[in-house]
Amino acid sequence: MYSKKRSDSRKKVASIVSVILLLLSWYAGSTRITDNQSGMVEQLLIKGDGLNQIDDRLYEGSIANNLSPVEYIGLGSGIGYGGMTEVAVTVSLLGDIQRIAVLSSKDTSSYLDKVIQSNLMEKLLGQNIKSSFDIDGVSGATVSTNALTEAIKRAADPVSMELFGINRVENEKSSSHFRWLDLMAIAMFMMAILVNKTRHQQKSMFNWAMLLTSMCVFGFYSSSLFSSSTMGILISGAWLSGLGNYTSIILLSMVILYIIATNKNVYCNTLCPFGATQECLAKLGNTKTISLTSGVFEWFPRGLLLVTLCLGLYYRNPASFSYEPFGIMFGMIGSMYLFVLTAITVVTSLVVKRPWCRTLCPMNPMTDFIRFNRQWIKSIFKKR
Amino acid sequence: MRKKLLFVFYIVSAMIVCVHLGLRVNYLTQLEASNTPLFVATYSDNATGPQARVKDSINYKEWAEKYEDQTK
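In order, the protein sequence lines correspond to chains A and S.
The first sequence runs 1 to 384 under the numbering used here.
The second sequence runs 1001 to 1072 under the numbering used here.
Quick caveat, the hints were computed from the structure, so don't treat them as lab data.
Just to be clear, a hint being listed does not mean it is correct.
[Claimed, not checked] So, partial list: chain A residues that the calculated Cβ filter (under 10 Å) puts toward chain S:
hint	residue
1	S204
2	I249
3	S253
4	F321
5	Y323
6	L341
All C-beta atoms in this analysis are idealised placements derived from N, C-alpha and C, irrespective of residue type, glycine included.
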């Protein structure tokens, strides 16, 4: 009884401290942001040695003692997985693209790297801004490809307007971000609630059907399962300015709301694509359910998630601090370290049931945090 | 035995994740300090392929105009 009380008070302190740390990281991040864009743009001049700003999105480069411009630099942005990707394009007076630079990106770095390695930018160099840019998507990084091409088009637009009086982007119809995958996420979540509530004899089979569908659709097909970076995007409010893919945010929001409303987590056992992969591997091997009970093993993932979220808020780039093996598992995209992590998770899954879920998965700390605070707030209201 | 394996998995995973996050912080800090774009692609006059041919024809046109101006 005494031990339970002590544990509860420790959790209360940790809960308050973590909220304060998140707010402090957010504040520290806002004081850190400096307007260094014009300094970066100056480095993109080719013929000119001086830079004049015409408006927010257009600069002209000129040579000393010569008033007429020798080139133009346009700025544009596109919406990627984690937020805006900002691009600058240097264009000659004839309208040829001479230089393309990615100034900043809130996408997961490994996805952006994949797009850059596909030579997408090099293919556009030398093209005239009057012609239409036909760009093939990069398999596995479609959202990042779309963000980059959209940003390049938008960067070329003010130059096109200045040189030829053509405003192409405004004439193009903006496409809706709400896709069939978002509807599928909502439908699958509703079905997961039903599967968890039913007392049907075939409940286990329904559960397996849900897991396999989710693994195929949200895992291998779209890689849109949520992670610590999605949690960062949600709490930072980056989604308010637009995202290339809302599916993971929708899934996460529904999971959080359902835990708040019912104290139950239907995602891990019925919907998680990575959980499904581990379950499939468990079927192949001879596995047993094992848990590490010491307090250190419980508190370390909580600290890890808190640090990740704080870093995401401080750098205003939550997608950069994703540490799960999901990207490698479902798209072979990620750092070498995450590749090793995925490999050892796959091997361990053949012997121990769901090793990632029982150790470092950020879903457990998040669920614990919501459940504890829900209970705490409920007890405060009961006392009153 | 399985518990030991899970323990080893936990320790190794935690180390990998910490190194990964440390490298990310280091990369972002250095990037901010350098104040340079993430990536720059520049058109090269020596490039081969169809783009280079388009570029060459424009260069020729520019050169011809300049030549005409000079010889007037």
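Run the structure past the numbered hints and jot down the numbers of the failing ones, going up.
Result: hints 1, 2 and 3 break, sorted rising.
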